[in-house]
Amino acid sequence: MDNSPSKKVWLKFKRNRFAFAGLIFILLLMVMGVLGYLIMPDNSPDANTQRVQISKEKPGARFKFLIIEKYNHIEKVGFFERMLYGQKPTFKSIPIISYQIVNDEVFVKEYIGKEESGKESVYKLNDLCADCSPLNKPGTPAQLFEKHNIYEQTYYLGTDIYGRDLLSRLILGIRVSLSVGLMAVIISLFIGVSLGAIAGYFGGKADAVISWFMNVVWSLPSLLLVIAMSFALGKGFWQIFIAVGLSTWVDVARLVRGQVMALKEVEFVEAARALGFSTSRTIIKHILPNIAGPILVVASSNFASAILLETGLSFLGFGAQPPMPSWGSMIKEHYGYIIMDAAYLAVLPGLAIMFTVYAFNVLAIGLRDAFDVKGQNVTV
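Heads up: the sequence shown is residues 1 to 380, going by full-length UniProt numbering.
Keep in mind that the hints were calculated from the coordinates and are not lab data.
Wrong hints could be hidden among the right ones.
To be verified - Pairs of lysine to aspartate or glutamate residues, derived as EDC-like cross-links and limited to a Cα-Cα distance of at most 20 Å, are as follows:
hint: 1; residue 1: Lys124; residue 2: Glu146
hint: 2; residue 1: Lys58; residue 2: Glu120
hint: 3; residue 1: Lys70; residue 2: Glu115
hint: 4; residue 1: Lys147; residue 2: Glu105
hint: 5; residue 1: Lys7; residue 2: Glu267
hint: 6; residue 1: Lys285; residue 2: Glu267
Keep in mind that this is a model prediction, so the values were computed, not measured.
Hey, can you work out the whole structure from these sequences and the hints?
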């Protein structure tokens with residue numbers, strides 16, 4: 001039987017049902033974020049196919065569409081390119097109520113809104129479907145037209161104010177939130193572990209200067225600090241990574257400083273110094289592996305904080321820029337509908353934020369209990 005420390009930690013973690021459920025939820029989000037465009041109903045770049053005729057439609061709405069123009073100059077991209085960036089639309093379509101083919105003409109009743117009766121339009125059959133004419137035998141043109149020019153789509157979570165599929169934008173928002181959280185945590189770990197280890201190991205003036213700097217950053221409200229950095233770096237996606245990462249490293253640095261100060265006088269560290277190992281080797285190979293548990297706990301907690309900061313930035317207009325979907329920007333676009341009959345437009349991204357942050361928080365608590373770091377000044 002494997003009695004390794006990592007095995008014991010894993011078994012203890014699995015017994016915490018909430019933490020394990022949080023891990024499963026996060027893994028599911030990661031899969032959805034990676035697949036992205038492959039599983040979205042609207043796989044256009046940024047899920048930005050706009051149809052104002054069907055704006056603010058309720059969840060479960062289903063529409064019939066007529067393809068009125070095909071873009072033959074747009075090529076279909078490969079699997080990985082489509083997964084990462086989406087596929088530009090290869091046709092233009094409009095929502096319709098009904099259509100009828102009479103000789104070489106197509107009479108269409110367009111859908112222009114719930115309160116409207118519809119708009120009558122007439123198209124040449126040859127213009128819409130070159131393969132549907134000439135009329136070879138009864139029924140064939142109608143069948144070909146139905147196959148090549150008519151399709152139906154269900155909007156499972158409804159549409160936003162621009163008629164875009166809300167489910168697709170929520171799924172793409174996962175990629176934005178998790179990307180920002182991951183990169184911000186990597187940046188905060190790099191800075192926090194480096195400065196914390198230096199301060200804790202060397203002490204003296206190095207500790208005093210780094211501790212003073214940590215206290216200065218600690219005293220600033222995180223959101224205001226991120227906003228100031230966003231002003232300096234400019235608006236954009238990669239700027240969020242840096243801004244959020246630079247504002248969340250203090251927790252890591254304070255933890256690492258305290259842990260290193262406690263471990264640097266332990267026997268195995270004294271032995272490493274006695275054997276003439278370099279300072280960097282002593283810290284990286286002998287001290288840091290022994291405090292990996294507490295660091296992992298704080299990293300999980302910081303992931304949730306990074307998502308909240310990114311959401312706040314996007315809500316204020318400093319985060320992901322339109323048309324890139326972000327949960328924060330989706331709330332910003334639709335918060336005015338909360339007291340109207342389209343509250344779901346703001347509630348759904350809000351729920352996505354709530355469940356994601358909660359999952360990372362219970363994961364952090366589960367890791368804290370599994371690593372048994374309650375007495376090591378680790379807070380989540």
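Results for each hint:
The suggested pairing of Lys124 with Glu146 holds, with an alpha-carbon distance near 15 Å, which does not exceed 20 Å. Of the supplied pair hints, the one linking Lys58 and Glu120 is violated, its CA atoms being roughly 25 Å apart against a limit of 20 Å. The suggested pairing of Lys70 with Glu115 is violated, with an alpha-carbon distance near 30 Å, which exceeds 20 Å. Between Lys147 and Glu105 the CA atoms are separated by roughly 17 Å; this keeps the pair inside 20 Å, and the hint holds.
Distance hint between Lys7 and Glu267 is unfulfilled; the C-alpha atoms sit about 25 Å from each other, more than 20 Å. Pair hint Lys285 plus Glu267 holds up; C-alpha atoms about 15 Å apart against a cutoff of 20 Å.
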